[in-house]
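Next come the chains, spelled out residue by residue.
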Amino acid sequence: MIERELTFRIMRYNPDEPEKKPHLQEFHLTEEPGMSLFVVLNKLREEQDPTLRFDFVCRASICGSCGMLVNGRPTLACKTLTKDLPDVTTLLPLPVFKLLGDLSVDTGVWFRDMSFRTESWVHTDETFDPDAPEKRMDNAVALEIYEAERCIECGCCIGGCATANIKPDFIGAAGVNRVARFMVDPRDKRTEREYFEVVGNEDGVFGCIGLMACDDNCPVGVPLRDQLAYVRRKMASAGWRYQKV
Amino acid sequence: MKLQKALSYSPRADFIVEVIQMVSGLLLVLFLWTHMLFVASILIGSNAFNGLSLFMEKNYLLPAAIVFLVLVGGAHIGAVIRRIPSRWAEQKIVWKHAKLIHHADTWSWLFQSVTGAAILALAIIHIAVVTYGGIDVIYSSGRIKHGFLVFYAVLLLLAEYHASVGLYRIFVKWGWVKRHKLHWVLGVISVLTVGIGATVLWIFFTMGVHA
Chain A
142 MIERELTFRI
152 MRYNPDEPEK
162 KPHLQEFHLT
172 EEPGMSLFVV
182 LNKLREEQDP
192 TLRFDFVCRA
202 SICGSCGMLV
212 NGRPTLACKT
222 LTKDLPDVTT
232 LLPLPVFKLL
242 GDLSVDTGVW
252 FRDMSFRTES
262 WVHTDETFDP
272 DAPEKRMDNA
282 VALEIYEAER
292 CIECGCCIGG
302 CATANIKPDF
312 IGAAGVNRVA
322 RFMVDPRDKR
332 TEREYFEVVG
342 NEDGVFGCIG
352 LMACDDNCPV
362 GVPLRDQLAY
372 VRRKMASAGW
382 RYQKV
Chain B
470 MKLQKALSYS
480 PRADFIVEVI
490 QMVSGLLLVL
500 FLWTHMLFVA
510 SILIGSNAFN
520 GLSLFMEKNY
530 LLPAAIVFLV
540 LVGGAHIGAV
550 IRRIPSRWAE
560 QKIVWKHAKL
570 IHHADTWSWL
580 FQSVTGAAIL
590 ALAIIHIAVV
600 TYGGIDVIYS
610 SGRIKHGFLV
620 FYAVLLLLAE
630 YHASVGLYRI
640 FVKWGWVKRH
650 KLHWVLGVIS
660 VLTVGIGATV
670 LWIFFTMGVH
680 A
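Quick mapping for you: the protein sequence lines, in order, are chains A and B. Quick note on my numbering: the first sequence kicks off at 142 and runs consecutively. Quick note on my numbering: the second sequence kicks off at 470 and runs consecutively.
In isolation and in its complexed conformation, chain A is listed as follows (with noise of 0.2 Å):
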């Protein structure tokens, strides 16, 4: 295998230094067997230049934090590996989220505040006992549940919606995936009325547009067309027979 040299232009930029304007610089390196954007980055950040950067976990797609723009696309940079680049890649941070610096963004304050909004937690009235043995649940509904469940919070289906781009207030797929998963929740006692007060708006459900960017770049593929279909066909058989109180 002849080794390939591989061009990759980085977006920089520090809050901190708001003089400079963000720019792409340029790093070059060797391709190596099984290389992952994990391994690039931390390769150039060590041996080239050390004020680059960027966040990494678990580097298996497990903890969302390197969700950026790979050539444009909104992926995870730890499960992108070399071989399917071209020679010239360019990488940039998520937009929507706050821009900590270069490929660096706060993914956490955006899903805090939407967890907020959307009340994610079991709404219920039942006191919790901490002897009795645990209610069983239906296979097919943990299932279902845990489908959405899968959801790392990496932001790419934020970043790459072009409703949540202009609109800071959307709940984007993420959102309503996340109400989907508490609507399918039998220990959740929230009427359709109640959900439909808080996403059966144009922040929740009604906001999209149906581009399904979100659906085409969730790198860890939950079904999220099917579970933004979901929730507005929930959300529109809420509205029809929603009455004045």
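Everything labelled a hint here was simulated from the structure, so no lab data went into it. Just so it is clear, CB atoms sit at the ideal spot from N, CA and C, and this is done for glycine as well. One should not assume that every hint holds.
[As the list claims (entries may be wrong)] DEER-style ranges, computed between Cβ atoms:
id, chain 1, residue 1, chain 2, residue 2, range
1, B, K474, A, P271, 36 to 46 Å
2, A, N183, B, F500, 51 to 61 Å
3, A, G362, B, G547, 34 to 44 Å
4, B, S555, A, G362, 28 to 38 Å
Guided by the hints, dock chain B onto chain A, whose structure is given.
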């Protein structure tokens, strides 16, 4: 909750506008297809076309169509306008975004708003010309011969593109059909509609030449 939001709180408003957008869009697609079938009567012959035109005129179907278009088209425009980024900064973001992420469905949404605006302008001209000029084989072929061929070809392509992408979007959003199957079905319908339209235009154009 802030006072201005509390005073104007209407939880169903966004849902209702979404429904208006979808229903008016579907009605306009139905109108487009019916329109194409009606003009295709020229394929049977001049008598069929003139007969249908006369029938519509006698039964007030032409003014009815205009009222329909003003109401339904107006509702559609009113509903979709909220989706089009109105501020310059937002426009810059969405075009940059589309160029950046290389995603076909994102591009088709931008074209959707561009074609929608163009259709509005062209359709107004089309309706005005047809209303004042009348619908008849001789008038119609004369118009197409003398300068309107390109105008109608452009309107046909824009309308079919807009309708097809709009339908695609509805089905994708509500999740009723698989996406690649949808691509295929809508592709076939688009080719058929444009094919019929192009044939009709060509027939009128050659008639205009011989007249």
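Evaluated hints:
Distance hint for K474 (chain B) and P271 (chain A): a CB-CB separation of about 41 Å, consistent with the stated range 36 to 46 Å. For the pair N183 (chain A) and F500 (chain B), the beta carbons lie near 59 Å from each other, so the given range of 51 to 61 Å is met. The hint said 34 to 44 Å for the Cβ distance between G362 (chain A) and G547 (chain B), and at roughly 38 Å that hint holds. In this structure, S555 (chain B) and G362 (chain A) meet the distance hint of 28 to 38 Å, their C-beta atoms being roughly 35 Å apart.
Of the hints listed earlier, there is not a single one the structure fails to meet.
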